[in-house]
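Fit chain P to the given chain C structure using the hints.
Number of protein chains: 2
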Amino acid sequence: MLLLKARLGRELPAINKALQEAVDALHPSVQPVAQHILDAGGKRLRPLLVILLARLLGHDAPDIYPLAASMEMLHAATLLHDDVLDNADSRRGREAAHVRFGVPVTILAGDALLASANACVARYDDPALCRCFSQATSRTAAGEILEIASQRHVDVSAETYADIIRGKTAWLIRASCEMGALRAGGNVMQVAAAAEYGENLGMAFQLVDDALDFADSGETGKPTAGDVREGKLTPPLRLYRQWLNEEERATFDTAFVCGLLTEDDARRIAAEVRAQGFDRAAREEAVAYLDKALMALDRLPEGKELDVLRQMAEYVRDRKK
Amino acid sequence: MLLLKARLGRELPAINKALQEAVDALHPSVQPVAQHILDAGGKRLRPLLVILLARLLGHDAPDIYPLAASMEMLHAATLLHDDVLDNADSRRGREAAHVRFGVPVTILAGDALLASANACVARYDDPALCRCFSQATSRTAAGEILEIASQRHVDVSAETYADIIRGKTAWLIRASCEMGALRAGGNVMQVAAAAEYGENLGMAFQLVDDALDFADSGETGKPTAGDVREGKLTPPLRLYRQWLNEEERATFDTAFVCGLLTEDDARRIAAEVRAQGFDRAAREEAVAYLDKALMALDRLPEGKELDVLRQMAEYVRDRKK
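As you go down the protein sequences, you meet chains C and P in turn.
The numbering of the first sequence is this note's numbering, which starts it at 115 and goes up by one.
The numbering of the second sequence is this note's numbering, which starts it at 115 and goes up by one.
This is chain C alone, in the form it adopts within the complex (with noise of 0.2 Å):
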């Protein structure tokens, strides 16, 4: 892992100077919200992955930044409407922004964040790039749309759950990776192997979270199954139910389907899971996704970048919290 965070130690200035910027260029009643939700310790693996793609396909130009952090912006959007959305009281150990801000500048903030972030890629006056961007957009609102939709539903199959994560989570680190590609002016088959590599690291990167969502909260700092209690049916709660008696099954599904289960439950759930098995389950359904993404990685050429690609995908398999 040394490589990748040398590197992203590297970038990350850059990185945060360019989201300081775009921040700055926001109304100023908006800008508590922004930064509060991006100084909340993301990890800025969206904004490395397109630095990541271009400098890999030749693209030397400082020009990459504000691309870069275009990615963050949107990705921080959506987080705050989700916040919304799920009535969420924390994120990353923070107080929420709605909660710290109210729900009506929380929104705008979204709203202004992810306009920035469009408006910012429209600078760089390539359709391909605007194209990619816009479908990145829609297909994480159709990918929340879906989830809201199937929240507290049993019979969530696991093709409903993996549209749902390639929406919400994947197709955004997929457009990071496709847009580094294309502003380097990467052929069609490299564009092609950098979105196939996004794609599947992100559903493996949304799989090791909904893992990580069973972890001990000691270790992850994070309240131990709040999946549950939200009534998303991920893979580890899936393989739980499946797993369950007729009669714990029927007593469950009341108890999801009616949003009734209590912190209590979910601890308890979560150990049996844990018990079980099934959050490595999960973790071995990610596994798979990462080798697609690292044979994805070999149609592309060799530079120091592809390792530091590579590692990312080991990052993601071992990532404990």
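Calculated from the structure, these hints are not laboratory results.
Backbone N, C-alpha and C define an ideal beta-carbon position, used for all residues, glycine too.
There could be a bad hint or two in this list.
What the hints assert, rightly or not - Anything over 12 Å on all C-beta distances counts as not near chain P; from chain C, calculated:
1) L122
2) E209
3) D239
4) R245
5) Q249
6) I262
7) A263
8) A364
9) L375
10) E428
As the list claims (entries may be wrong) - One-sided excerpt, in silico: chain C residues whose CB lies under 8 Å from chain P:
11) S230
12) D240
13) E258
This is chain P only, laid out in the frame that chain C set:
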């Protein structure tokens, strides 16, 4: 107004068909919300402007309709978020979307409409269209933000108010005209004239709206002086406040700032605004903007659409609801 009505009647089926196709492509769980806001009797002025400018500048292809529809979708997206932000009960005499469908799905439907409109514009493969669209979303968001930041403030200057309405209303109308001209391949002067026409038309449109807010509710079908109760210091209300004596103004200011004005207060203020002609003053300001709009039209080529665009200015001036 005959030309305008006839042309709108002729274009409406194709506009509504393009809108319906876009709505049908949304996720089923947000479709009813999108349908609700689009069925609420919007006048389709923005799509009509896209079409008129494109046709005037010689673009005859039917590919203009999805572009035209995308501006109505962006408009609908802003209305959905606005109603949540303003906590409005009704819109155009119907129940507001968030009241009927709930806040989360209404926010998501707004996000989905915006994303879909953005993707539609991106398909034209023209960076100038993407820039224009993304600028419209930025400016509109900035206008909304400034309006919310100015709410319940008694010291909103005429300049700040012009900034608010330029953002929240005029820019989208400007962008509609600009995008029609861009799609037609208009030259720089023509695109600038189209934008200037649209911006001034939009300023006038909002000023007339501000005047109409003080009309008798029997005539408009809207509650009288909603802006007063929402803490919006529009031009008629600013004039009313200036006209009060010192003691009356202190009383008004306290009630306005604290949001204590009742429906009775609002009706009483509206009657005084009408008696003193402060609503007519806003209409006169609108006429000054319309004069600028008409002058901009003189820089565009003659054609039957030019007459329709002139009638559009009359329509905005004479609007009674």
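Looking at the structure, which of the earlier hints fail to hold?
-> 3, 4, 5, 6 and 7
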